[in-house]
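Okay, here's what each chain looks like letter by letter:
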Amino acid sequence: MKQIADDVAVRDKKTLGFWIYLMTDCVLFAALFATFAVLHTSTFGGPTGAKLFDLPFVLIETMILLTSSFTIGLAVLGSARGFKKQTLIWLVITFALGAAFLTLELTEFSHLVADGNGWDRSAFLSSFFTLVGTHGLHIAIGLLWLIVMIIRLWRFNFKQSDLNRLALFGLFWHFLDIVWIFIFSIVYLIGGMS
Amino acid sequence: MKINVEQRDSSTRYISYVVGFILSIVATVLAYLIVVNHVWPMATLVYVILAIAVIQLVTQAVFFLHIGRGSRWKLVTFAFAILIVLIIVIGTLWIMNNLNYNMTRMTPDQMLLYMKQNEGI
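Protein sequences, first through last, are from chains A and B.
Just so you know, we're using our numbering here: the first sequence kicks off at 1 and counts up by one.
Just so you know, we're using our numbering here: the second sequence kicks off at 1 and counts up by one.
Note that these hints are calculated values from the structure, not bench results.
We put the CB at the ideal spot given by N, CA and C, even for glycine.
Don't take every hint at face value.
[Claimed, not checked] Taking CB as the label site, the calculated pair distances span:
#	chain 1	residue 1	chain 2	residue 2	range
1	A	I89	B	W94	48 to 54 angstroms
2	A	G118	B	Y47	27 to 33 angstroms
3	B	V76	A	I141	51 to 57 angstroms
4	A	V113	B	G120	39 to 45 angstroms
5	B	T107	A	L144	32 to 38 angstroms
6	B	A43	A	V148	46 to 52 angstroms
[What the hints assert, rightly or not] The calculated SDA-like cross-link candidates involving lysine to any residue, where the alpha carbons are at most 25 angstroms apart (straight line), are:
#	chain 1	residue 1	chain 2	residue 2
7	A	K13	B	K74
8	A	K159	B	L65
9	A	K13	B	A79
10	A	K14	A	S161
11	B	K74	A	A80
12	B	K74	A	H111
13	A	K14	B	K74
14	A	K51	B	A43
15	B	K74	A	Q160
16	A	K51	A	H111
17	A	K14	B	I34
18	A	K51	B	L65
19	B	K74	A	W145
20	A	K159	B	F80
21	A	K13	B	F80
22	B	K74	A	G46
23	A	K159	B	R13
24	B	K74	A	L16
25	A	K85	B	K74
26	A	K14	B	A43
27	A	K2	A	D162
28	B	K74	A	K51
29	A	K51	B	I52
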């Protein structure tokens, strides 16, 4: 019984530690958002957000990421109840949605760069690529983490330590979705008006 | 101790995620439609969009991240992070707008001259 209580205490500490990492990540994104907010009108004679952003395309990206945030929640719930097959299916779906999101984002980037509107075009585009690219990097790392976790869960038959990691991954993924909502609102919707 | 945790896990119900998901989709589509159809002038739109984003933040924090349940420290660190974020963003905008306002009528050469003569830079 003491062993179990210790395990729970350690797990709660790890969860809090990971949570504090997420909060410091918030501060990183806040700095990038502030940079974008200051620079979004500094186009140096180049195109503005209104000319560059394809809002229906970004809405699809948003819906995909939002759905993946929902499916990771279902996976974590399923794992807490011991539904192994269901958890794995939801994890694979989450991975597919995350990969689709990243593909769409990279497509958008490559179109911008191909048209001569890369990060070197203006201060506005530098801040845009830094902010959205940092979020994309987080998603890419999250996808790697997800692959490792799917393999470990499947291979080691849902060990308790892997289940704890899955819960942490759930927090990470929800957090990225919240950051994206602000990117969608501030960068694309508000930045797309100027 | 273990019993508590089990209870907490099973009390997190599917319905919480479904409600959060539906509310988030409604908010996203609403914000999108408001912007695309230019419902209000731009100055108003900015605040409406920001308000919808904050509503989504609260929705997801409650239904997905379950802030306020379980650990108290989670809530405290979350509130602190929001404080820091607001200081960084509002402070940056304030300072940079102020600089812009003071220097906007000068050309780069005038600015250099001004800084040399008046600021000792």
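*asked:* For each hint given before, does the structure comply? Return the numbers of the non-compliant ones in rising order.
replied: 3, 5, 12, 17, 18, 20, 22, 25, 26, 28
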